[in-house]
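Please arrange chain C on chain D, whose structure you already have, making use of the hints.
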Amino acid sequence: MNVCIHQGPGMGADSDLHPLVMRYVDRLSGLVGFLSRFIVQKQCQCLNCGFCQDLNEEAAMKLCKAILIEAQPLVGPLKSMELETELMSMTRDYFNGGIAK
Amino acid sequence: MNIRKATHIPGFDELVGGGFADGTINLITGPPGSAKSLFGIQYLVNGAQLDDEVGIYLTLEESRESILRAAKGFSIDIEPLEKEGKLYIVDLGKMRMECSSAEELEWGLASFDTLNDFLKNHLTFSGATRLVLDSVTAVGLYYKSTELLRRELFKFARLLKTSGLTSIMISELTSDGETRYGIEEFVADSMVKLDYESSSGEYRRTLTVKKMRFTKHDPLKHPFLVMDTGIEVSPDEVIG
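If you're matching them up, the sequences are chains D and C in order.
Counting with this note's numbering, you get residues 947 to 1047 for the letters of the first sequence.
Counting with this note's numbering, you get residues 30 to 269 for the letters of the second sequence.
Calculated directly from the structure, the hints in this document are not laboratory data.
This one's a predicted model, so the numbers in the text were calculated from it and none came from an experiment.
A couple of the hints might just be wrong.
[As the list claims (entries may be wrong)] Covered by chain D, according to a simulated footprint, are these stretches of chain C (three or more residues, beta-carbon under 8 Å):
1. 110-118
2. 143-150
3. 203-216
[Claimed, not checked] Below, a sample of chain D positions facing chain C; criterion: calculated Cβ distance under 10 Å:
4. MET968
5. VAL971
6. PRO1019
[To be verified] Over the 10 Å line for every Cβ pair with chain C, so calculated as not near, a few chain D residues:
7. SER975
8. LEU977
9. ALA1005
10. MET1007
11. LYS1008
12. LEU1014
13. GLY1022
14. GLU1030
15. THR1031
16. GLU1032
17. ARG1038
18. PHE1041
Glycine is no exception: its CB is placed at the ideal position from the N, C-alpha and C atoms.
For reference, chain C alone in the conformation it holds in the complex:
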C-alpha cells in the first residue's frame, strides 16, 4: 500500500496522487521569493491541524521570529501548535548567529552529522512524522568539496528515509535555473519547482512537478497564486 502525506495545499495534491509518498524526501526548489518556505509551513501546519501529525521546521537561516511573522501574514498562527507539541520551529540559525565562523566550523553546527544526531534525539520525544529542512543550500556551505557534500547528503537522506519522516528539503535555484550544488535532485524522491515568469506584461507564479518517484504525476507547468491563506495551485490550468 502506498500511503501518502497530503499537503492539503489547494490544487497541489491532485497533481501528485494525493500527496508525498510516505517516507520520501521531496525537494522544493525555486529562486528567492518563490514561496518555498510558505510551501513548507503549509505542509506542516496542515499536517498538524488536519491529520494530527507532528512536524519539525528546521531553519538554518531565517529566524524563528521571521517565520512566525511570515505565517501570521497568511492567518497561520503557529504558536498554539507549538504549545500543543504539534509543531516545532527549530531555529539553528540563532545558534549559528551567536558564534564566530571558527566556532561554527569547530562545532559543525550546520553539518549533516549534527542535524542527524539532533533529529534522532528529537524524534524520541516529539514523535514527528513531517520535516522541513530550510535549507539544504545552507548546510551545503559547510562542506569544502561537492564530493564530500554528496557523500554526507546521501548518508543524511538515508537516515531521513529510515526514521519515519516524510521530508521537504528546500533548495535555492541559481540564476541558470539549476540547484545550487547540482546533486540535491539525485538524493530526493521528488522535485517541485516553484518559479515566476513574466509574459506579455503579466507576472505569474508557476509550479512544476519535475520528478516524483512512486507516483504517476502531472509534469506540466501550472500557475499558482499566493492568497490570503497561502498557496493555491490551479491544477486544471496549464502554462506553455
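This is chain D alone, in the form it adopts within the complex:
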C-alpha cells in the first residue's frame, strides 16, 4: 500500500495528483534514493490546495520543474536534462490517459 507523501488537505492518497506524484518519487528514487520523497514532498507542500483541486497539465508541469530544480544539485546537469525529458513525458502521458490513474 502506498503511503501518501503529502499530509495536507486536498492531496491525500485519493487525490487525482497522487499517482503521478508517486511516479515522480519512484523515478527520482532510482537516482537519489530516499531523498526523492523529501524533494517531492517539499515541492508539494509549496503548492496550495486550490491548485491540487484544480489540477491540470500546466500545473503539474510547474510541479515537475520545481522538482527538477531541487534535484539538479544532487544528480548533476547531465542527468538532470535526461530526468527533465522523462518527467515531462510522464506528465503528458498521464494527462493524455497513457498511464492508468
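Below, chain C alone, put in the same frame as chain D:
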C-alpha cells in the same frame, strides 16, 4: 596487485607510494583554513582530467557556489567537468539550509543512512570511483552519542569500501589537535594531517601522513605551499 589512485597533487603521491590504495578511506584532517577542501577538490579534478575517473564531492556545509568559487581561485573550472558527467558537486547543505532543524532530524538528511542510500543509487548512473565527504564532522552532529556515531560510521565505512570508491573524508581538528569525535582515524585506512605553524616569525603550512595501511609511507612532517594552481608539497624538505 595494489592499485592506487594518484592524487596528482605535486609532491604528495611520492610520500605515499603513488597515491591512495584502491578502495580505501582516507582521512584528511586539519584546523579551519588548512586547505582540506582544496586537497579534496584537487583529488577529484585531477582524477577526472588525468585518469578519466568520475568523482563525487559531497558537501554538507559549504555551498556549491562557494566550492566553485574557491576552485576558480586556483584556475580550476569545475562546471565543464560537471557537464561531461565527470564530476558531481552534491550540495546536501542546501537541502539542510532549506528546512527546519526538526525536519532535518525527522528526515535524517545528514545521517549516514541517508548518505549510504543516496550513494548506492547515485553510483548506478554516475559510475564514480572517487568520493570526497566534506565533512564527517558535520554528519557526526546528527548523532546524540559517540557510541551510536561509531557504530553508524563503521557501517558507512564498510559500504564505501565495498562500493568501489576510493574515498576522502574531511574532518576538522579541535584546538587540542584531536579529531572532533576521536573515532574517525580508527575507521580510516589513512590519516593525513594538514596544519600550519609559526616558527621564528615564519608562517608555513605542513603536511604529515600519520597513518597509511597497505603502504610504506613517509611519516615525516613536510612543508607545503598553496600556489596559484593549488597545493604543492615539498617531499624532500622535512620540518623538525
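Which hints from the list above does the structure break, by number from lowest to highest? 3, 4, 5, 7, 8 and 13
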